[in-house]
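Following the hints, complete the assembly by docking chain A onto the known chain G.
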Amino acid sequence: MDYFLTEEQQMIIDICREITEKKVKPIRAELDEKQVFPAEILKEIGGSDLFRLFIPEDYEGMGTGIFEVCLATEELSRGDLSVATSYAASGLGFLPIIISGDEDQKKKYLPGLASGQRLAAFGLTEPEAGSDAGGIKTRAIREGDHYILNGTKQWITNGGEADVYTIFAMTDPKKGSRGASAFIVEKGMDGFEFGKKEDKMGIRASATRELIFNDCALPKENIIGKEGMGFLIAMKTLDRSRPAVGAQGVGLAQGALEEALDYSRIRKQFSTSISSFQAVRHMLADMATQVEAARNLVYHAAKVVDSGKKDISRLSAMSKVFASDMAMQVTTDAVQIFGGYGYMKEYPVEKMMRDAKILQIYEGTNQIQRDVIALDLIKKGF
Amino acid sequence: MVKIKVVVCIKQVPGTTDIKIDPKTNTLVREGVENIINPFDSYALEEGVSLKERMEQVSGTIALTMGPPQAAQILKDAISVGIDSSILLSDPEFAGADTWATAKTISAAVKKIGGAGLLIFGKQTLDGDTGQVGPETAQRLNIPFIGYVSQIIEMDKKKIRVKRLMEHGYETIETNLPAAISVIKDINQPRVPSLRGKMKASKAEIPVWDSSFLGLGPKEVGLSGSFTQVVKVFTPKASHEVMMLEGSTEQQVEKLYEKLKGLKAGV
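Chains G and A are the protein sequences, given in the same order. Under the numbering used here, think of the first position of the first sequence as 1, with each following residue one higher. Under the numbering used here, think of the first position of the second sequence as 1, with each following residue one higher.
Here chain G stands alone, though its shape is the one from the complex (with noise of 0.2 Å):
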């Protein structure tokens, strides 16, 4: 198939392949069944440039687009979930700092963040507030040059992993989510503990912690634009990376149709191999159409992103919600392909059915985000 990439698109995709091909699918069910975090794979992630994907050229970055971290999200997701979780939430944590941080904030972390150095987490969902974003009780308060944050983050990918930290608070809990504010925090700050480490059902690689924040008193200087933008810059930010979601949906699915497809051609029942029934060939042509479904419309609502176009929650949440439906959907009939060999973790399939379950819930539930689709529609019609 050919979606006439440039030179450099195409380079994108041959490193992160070689990645996938050579350092990942080595270990990831060693990794996911350990529940080892891949710092060595995110490494090897870093030093080939991936993260400068996401970064203007002026802070070490390249300058891309949303477009090319999708490209590098997909074929990372082909080869394991977790990777590519773990690459996608540094950007999902340090997009605030592109979107709405000042210019001394982007020159003292985005380097770092650039080369993969340091990694970046995305602190918003607490125990109380998943959806109802606007319902977080972590407060910041101003005292001085300080502002002294107090409450609990909970589900934070990469917790515990990343150096950088955004953290959305209330500043004026008084004006709802028109009180809330972003801010930085860094590991080792007085105050800032991590809690237990979360053992999950998939992306058990990845890791998913708890943040506390006990009297931590951050510098003034740390706050993401003004007090009470941190709603605002928490929905641009996630504007702006569900598409990546979307590609880890059509990357982690393309990967379970590969092991499908290379399966029913050599598994033979009744003396004849399983790609010959039909049952099982309109179950990969329909997974195949699915994939590539999924695809043109992930890579158009990147496209649109980079564009530069305002209105574009409507789209990218119809990536997020399509690519993350079809990746369930067809994780499942790769194991059904598989039979009972499928259900069995000496199979990649078992995993990656696993793995998809938690793109249809996480950086926003898909029910939240048909909310979302059909708000703007009935709005603004077409």
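None of these hints come from the bench; they were simulated from the model. Some hints here could point you the wrong way.
In silico BS3-like pairs for lysine-lysine, Cα to Cα no more than 25 Å straight-line [unchecked claim]:
| no. | chain 1 | residue 1 | chain 2 | residue 2 |
| --- | --- | --- | --- | --- |
| 1 | A | Lys52 | G | Lys43 |
| 2 | A | Lys200 | A | Lys219 |
| 3 | A | Lys200 | G | Lys22 |
| 4 | A | Lys200 | G | Lys43 |
| 5 | G | Lys107 | G | Lys236 |
Which chain A residues face chain G? A few, computed with CB under 10 Å, are given here [what the hints assert, rightly or not]:
| no. | residue |
| --- | --- |
| 6 | Pro193 |
| 7 | Gly197 |
| 8 | Lys198 |
Backbone N, C-alpha and C define an ideal beta-carbon position, used for all residues, glycine too.
Chain A alone, transformed into the frame defined by chain G:
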């Protein structure tokens, strides 16, 4: 401060172990076979790149190969993983070179570069398998050679200390620079190319040096400069049947005893 130049010598080989030989010409059938960098040479490249990162006395890294024009691809690949520059030694007259003529050509190129503080080779190639070009090149340059290096323990501007793997164990050896080493795969884990490296490589012009540029006469290079030539390449016929005995030592001894009894060896 005296700076050290590191030269990594690499080779393009057929990317398969399923090699077909043309019975008439006794040469490799290259059609339909993808060419890759000799796997051991990718460890040599990684060591060169990481030496420059680890040690500030390393001023630069150069990758060198002798081969047909298409061998420029592995030199570009070398740049994409961080080698500073590459040189292709290519001339129709170089064809058919044995290790003697190859070492002569490479050593002439190293002299042309202005010498090297450290020469790094892979321990052997996937196709020729001789492991001779490294030591022969060192001999021609009159510098020490240490083979099978598994670790560079330390290096300053005058000396290098390495650990190498021998049949009976490891040896630690120190020698003066300039020197040449060959490396084994335990030495490192080759990195994946970077995007900036790949972009640099795609734009890089690889200089091509021929025999006249190196000041070598037609009798010194290629087939005419070689003392050996391949007369015949063939797959040996199996003359013995091999059987592997499994199980505990006692079980294996028992199986061997039964087998020998069954053979009724009369001697």
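Results for each hint:
1. Taken as a hint, the Lys52/A and Lys43/G pair is honoured in the structure, with Cα atoms around 18 Å apart against an allowance of 25 Å.
2. Using a Cα cut-off of 25 Å, the hinted pair Lys200/A and Lys219/A is violated, with the two alpha carbons roughly 37 Å apart.
3. In summary, the hint linking Lys200/A to Lys22/G is supported, as the alpha carbons are separated by about 23 Å, within the 25 Å threshold.
4. Between Lys200/A and Lys43/G the alpha-carbon distance is near 21 Å, which keeps this suggested pair within the 25 Å criterion.
5. Proposed proximity of Lys107/G and Lys236/G is supported: the alpha carbons are some 21 Å apart, at most 25 Å.
6. Evaluation of the Pro193/A hint against chain G yields a held restraint, the C-beta minimum of about 6 Å falling below 10 Å.
7. Taking 10 Å as the C-beta cut-off, the interface hint given for Gly197/A holds, the closest approach to chain G being about 8 Å.
8. Using the Cβ-Cβ criterion of 10 Å, the hint placing Lys198/A at the interface with chain G is satisfied: the shortest such distance is roughly 5 Å.
Hint 2 from the earlier list is the only one contradicted by this structure; the remaining hints agree with it.
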